[in-house]
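A.B. asks: The chain contents come next:
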Amino acid sequence: MSDKPLVLGTHTLQSRLIVGTGKYATFDQMQQCLEASGSDVITVAVRRERLIDADGRNILDFIDLSRYTILPNTAGCFTAEDAIRVARLGREILEGLENPGSDWVKLEVLGDTKTLLPDPIATLQATEALVKDGFQVLCYTTDDPITAKRLKDAGATSVMPAGSPIGSGQGVLNPNNIRICLEYLKGDDPDYPMIIDAGVGSASDVAFAMELGCDGVLLNTAIAGAKDPLTMSSAMKNACLAGRQSFLAGRIPKKLYATASSPETGIISPSVR
Amino acid sequence: MQITVNDEPRHVDSGTTIADLLTELGMRPKFVAVERNLELVPRARHAECELAENDRLEVVTLVGGG
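Chains as they are written, first to last, in the working numbering: chain A, 1 to 273; chain B, 1 to 66.
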């Protein structure tokens, strides 16, 4: 079955899996995992340049900028103002590198350090400001359908609800909310993209999110923190594709009682002794 | 004169530009973005932007993240 590519604003993605670049043991391992994921969009963070760096290595030395579109995030920001500053700093770097990722941002405005859950009000304010400033905003948010709708109305290119808290590996905790988000965002606009961002722990979580009808999954820790990140990266790629195909194929309805798969006629006569 | 770079105090000669500072710090200009007193200074202006006493600079780059 043929599938349309995932379109996020002006970006057309080959893969529906977006992966992060954080928490890898080495840049070499990161490179291999990015390759195995099949992703063409990868996220990065914006941080202070260390003033003294023994080996002077930068992640940009290990990323093929002609192959990957970089999606800079605003991770670590707790106010709309700081998120806007970080988004502009990321754009400045990517413009200089002539990477197509200079026109978008993965917006995170966090509420507190314990949950890393988004501050919905600050996220909305930052979305409005960044959209006005010309950014295509991919919004990390909770699975609250009303907030999701407000972010879309504010001009977000994609709304990206968390399945569960960042890095928690709990998967999609409230599939009903995700279903309602999908209905509210896509009801009269079926091509509007919604991505599950955060909380994924294993390949089945990715497949499940895709089967719900999400357009993509964004993850990082689930690969980088696995015992064997390279194998997990490949598993995530396959799960994303499997989940997508399963969604497109249309699953059977769930029923309480059994339905035989084998013919119910032509069965040999029961033994009578 | 005294400035701060990423919260660390630093002494620079007067007339030092942002481009000069990045060279002094051994940073590759293409890999960084610079904020001066909370305002982004585009790369095209690094060579002409002279630092002033008590300037607060943020010099950032891209790192691994999710």
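None of these hints come from the bench; they were simulated from the model. Quick caveat, the model's predicted, so the values are computed rather than measured. Beta carbons: idealized from backbone N, C-alpha and C, even for Gly. There's no promise every hint is true.
Partial pick of chain A residues on the chain B-facing surface, computed with a CB cut under 10 Å [said to hold, decoys possible]:
no., residue
1, THR10
2, PHE27
3, GLU49
4, ASN58
5, ARG67
6, ALA75
7, LEU89
8, GLY90
9, GLU92
10, GLY96
11, LYS106
12, LEU117
13, LEU218
14, THR221
15, LEU230
A.B. asks: Next step is simple, just say for each hint if it's right about the structure.
C.D. replies: Taking the hints in turn, this is what the structure says about them:
no. : hint   : in the structure
1   : THR10  : violated (21 Å)
2   : PHE27  : holds (8 Å)
3   : GLU49  : holds (4 Å)
4   : ASN58  : holds (5 Å)
5   : ARG67  : violated (16 Å)
6   : ALA75  : holds (5 Å)
7   : LEU89  : holds (4 Å)
8   : GLY90  : holds (7 Å)
9   : GLU92  : holds (4 Å)
10  : GLY96  : holds (5 Å)
11  : LYS106 : holds (9 Å)
12  : LEU117 : violated (15 Å)
13  : LEU218 : holds (8 Å)
14  : THR221 : holds (7 Å)
15  : LEU230 : violated (16 Å)
Going through the hint list in order, the structure does not satisfy hints 1, 5, 12 and 15.
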